[in-house]
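Assemble chain R onto chain C, guided by the hints.
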Amino acid sequence: MISVQGLTKRYGQTEAIRNISFSVDKGEVVGFLGPNGAGKSTTMKILCGYLPADAGEVRVAGFDVFGDSVKARSRIGYMPENVPLYPEMRVSEYLSYRAALKGVSARQTGEKVEDALQLCGLSGVRRKLIATLSKGYRQRVGLADALINEPDILILDEPTIGLDPGQIREVRELIKGLAARHTILVSSHILSEVEMTCSRVLILDKGRIVASGTPADLRERAGLPLTGSIRMELKAPASEALALLRTAIGDGSVQVVGTENGWTELEIISGEQDPREDLFRAVVANGWTLRELSSHRSSLEEIFASFVKSGEQAPGEEKR
Amino acid sequence: MRTLWYLWKREVASAFQTPMAWVILFFLLLVTGFNFYAGVTMLNHGPSEVTVVESFFNTVFFWFPFLLLFPILTMRLYAEEYRSGTVETLMTAPVRDSQVVLAKFLGVLFLYCVLWIPTALYFVIFQLYTRHDAAGASGAYAGSYLLLLLIGMFFLSLGGLFSSTTRHQMTAAVMTFASVALFFMTGLLSFLSGHVGPFMQALSVTISPIEQMTQFSRGIIDTRTIVWYLVMTALCLFLTLHAFQSRRWRK
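Note that the protein sequences, when read in sequence, are chains C and R. If you're matching positions, the first sequence starts at 0 in numbering that gives the first Met the number 0 and goes up one per residue. If you're matching positions, the second sequence starts at 0 in numbering that gives the first Met the number 0 and goes up one per residue.
Here chain C stands alone, though its shape is the one from the complex:
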């Protein structure tokens, strides 16, 4: 659906994007991840035919974005960052206008606008002036606009930025719901969000793709433990607890993180097996009191940090 080859974009002296290549297959939901200024928005603007590139080739739904721009654009629903809208228009009026621009026939416009209003939870504000809408509703109008003509591809630039947690959850659910019908490229700098909604992640840093793959893939490649770490707190002397748990988990490592009023806090990095049951039994067998036993899967956050910090480039250059 989307194929990008050797894309480079300069703003004057600075290179916003350096020779990036990736592709997105039909039906995928791909997360575009990176710190601010990594080149996410620039890449998206190029994909949507808004900005020209200095080098490289971009094909969207089979059309060359530079040579066949109008046709390519008709297959994309784009929601720019901060969702610029015409404040003097009413919600349904704006969506009808956008539908018409995107080639929806006059007969179908009413139906499509109704669908989009329903889907995005805008039915209650259809007659409202856009100027009077809250940030959350504006965001939804932008989303409704992006999918009004049921495009093959949705490109959403930071769709949840500036929303409150409740609204973020709603928009996230909405995107998940859309995944069945559209190919989606969504950018974010919130990692948990990408992990929740995306089947694949592209990590961008300083204009390069530094990593690409499923969250599990990346976890492995970043060298982080698959099962993650386990945190434990029990009422026992530190040295005894350490000795006991070492034998209980077999391969893996245990270390004392802290002690407080007779409580010992430990961190356990285990091997392939989940050792929590064994740990529990060992504690019970000794008659100690256990007040915490929790498992932390390494989040995308850590993976992201490990890729961005190390400046690792090798995995990112490859195409999936």
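The hints are simulated quantities; they were obtained by calculation from the structure and are not laboratory data. Be aware that one or more of the hints could be misleading.
[What the hints assert, rightly or not] Distance condition first, Cα-Cα at most 20 angstroms in a straight line; then the derived EDC-like pairs of lysine to aspartate or glutamate: (1) C/K234 / C/E266; (2) C/K70 / R/D96; (3) R/K8 / C/E266; (4) R/K8 / C/E92; (5) C/K127 / C/E113.
[Said to hold, decoys possible] Calculated Cβ distances over 12 angstroms to all of chain C for the following chain R residues: (6) A37; (7) T58; (8) P93; (9) L120.
Even for Gly, the Cβ is constructed at its ideal location relative to N, Cα and C.
Chain R in isolation, oriented as in the chain C frame:
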């Protein structure tokens, strides 16, 4: 064609959905109404060589609001889209640059026409009440309003060009007003005939709105003037298209 129609419709709607069009219409009718009243009053004082139509279109009360109209009408055309970022949503829809430029021009031209049409009522009212003709010949009406349309086309496209180069409405307005005023002032060169060469004098007579209006409001229609304005409009629209496209290369 369909796209152009929808773009045009939004341009026109946005003017009338905000108070802008109504405020301009109100004040324009106020000033031109006063201008008409003053013209008729002046003619009441004794015999004169000019008709009501000529006196209406050739006073400072007519030209002053006329010149002010262009920066006001055109400043927001592109600048506002740049500033608010809506140009991004607009140009990522399957829309051609040329369609946008044309739609914006035709939209503001339509608004301009809507502003002037009510002024024709003055002459209708005059004839109904006085049972005298407001002009020597019916061609005078056609000439006056045709010239109004032609000058409007050029100045509006010029204003659009300036608006397409900046994201600041005021900058666009200042540039538009300065250039429109400059074109207008060339007409005043003919008053300084002793100090300018015959070429400059001929030029000023040809492109001066004042000189042209003196002719057209008598019903004397000069095709050179028509061609001049059509060519200048086309040139401005062409340059606007390029200025609009240049956003893709600027940052």
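Violations among the numbered hints: 3 and 8
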